[in-house]
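Asker: Sequence:
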Amino acid sequence: MTHNRLMTTLLSASALALALPSAAYAGKADRAREAIAAAQAKIDAAATAGAGVETPHQLAEAKAALARARENLASSHKPEAIDAAIQAQALADASLGESQKRKERAMAATQVDAQAQTAAAQQEAAEANLRAAQAQQSAAVSAQQAADARNAALTAQAQAQATTPPAQVETTVTTQAATPRKTASRTVVRKRVVSRAPVRTTTTATPSTAVTTTTTVKSPL
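Number 8 in the UniProt record's numbering belongs to position 8 of the sequence shown; there are no gaps in the numbering.
Careful: at least some of the hints might be erroneous.
Cross-link-like lysine-lysine pairs, in silico, DSS-like; alpha carbons within 25 Å at most [claimed, not checked]: (1) K42 x K28; (2) K42 x K101; (3) K101 x K63; (4) K103 x K28; (5) K103 x K63; (6) K42 x K63; (7) K28 x K63.
It should be emphasised that the hints constitute simulated quantities derived from the structure, not laboratory data.
Let the sequences and hints guide you as you build the complete structure.
Answerer: Right, here's the structure in full:
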């Protein structure tokens, strides 16, 4: 009876001794799978965040390390698989961090540019307003000067009219009178051999001429 109990104890111990390495082996495999899954998740997150554009080299190294981890796990090289998966995680984290830093720097630069553009636009608007105000002031001064000039001209004209005697208007009246006609008499004597002819008198009328008389009348305005 005692011998049977001893044999049972020895068999149980042997089974336990054989089971311990198997459990340890299974634990490393699970760790490798977990590490590989974590590395894949971080690589996906980095790619979604734009690391493939910002830091493509680091993301490519992370993917290569993940591929080595899977190969090692498939080849039952669990410690190597775990190490490769951890390396892939580190590379993915670095890629994601660098991508975020670059994005933050780009956003900061964009904000600075936007602020500079806003300040420049405000400055231009202020200068434009100043120029407009100066133009309005200049126009007002010009208008006032023109009004002063007109008023001065009107005043000078009024003073000149007050001190200058009124101008005289000359009116010319022309009258024509006909001179009487003068009549000229001439005696014509005709001679004949046998007898004398009677004397005949011829009268010639001279046309009358017009005499023009000009009278100037001056009157004040």
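Asker: Within a Cα-Cα threshold of 25 Å, do K42 and K101 meet the stated pairing?
Answerer: Answer holds: K42 to K101 is near 17 Å, not above 25 Å.
Asker: Holds or violated: are the alpha carbons of K101 and K63 at most 25 Å from each other?
Answerer: Holds - the C-alpha atoms of K63 and K101 are around 21 Å apart, at most 25 Å.
Asker: Could you grab the alpha-carbon distance between K42 and K28 and see if it respects the 25 Å cut-off?
Answerer: At roughly 21 Å apart (the allowed maximum being 25 Å), K28 and K42 satisfy the hint.
Asker: Decide if the proposed pair is consistent with the structure: K42 and K63, CA atoms, cutoff 25 Å inclusive.
Answerer: holds, 10 Å
Asker: Between K103 and K28, does the CA-CA distance stay at or below 25 Å?
Answerer: The hint is violated at about 38 Å.
Asker: Does K28 pair with K63 here, judged by a C-alpha cut-off of 25 Å?
Answerer: Given pair K28, K63 holds - Cα atoms ~22 Å apart, limit 25 Å.
Asker: Going straight from one Cα to the other, do K103 and K63 come out at no more than 25 Å?
Answerer: It holds: about 22 Å lies between the C-alpha atoms, which stays within 25 Å.
The structure fails hint 4 only (numbered hints given earlier).
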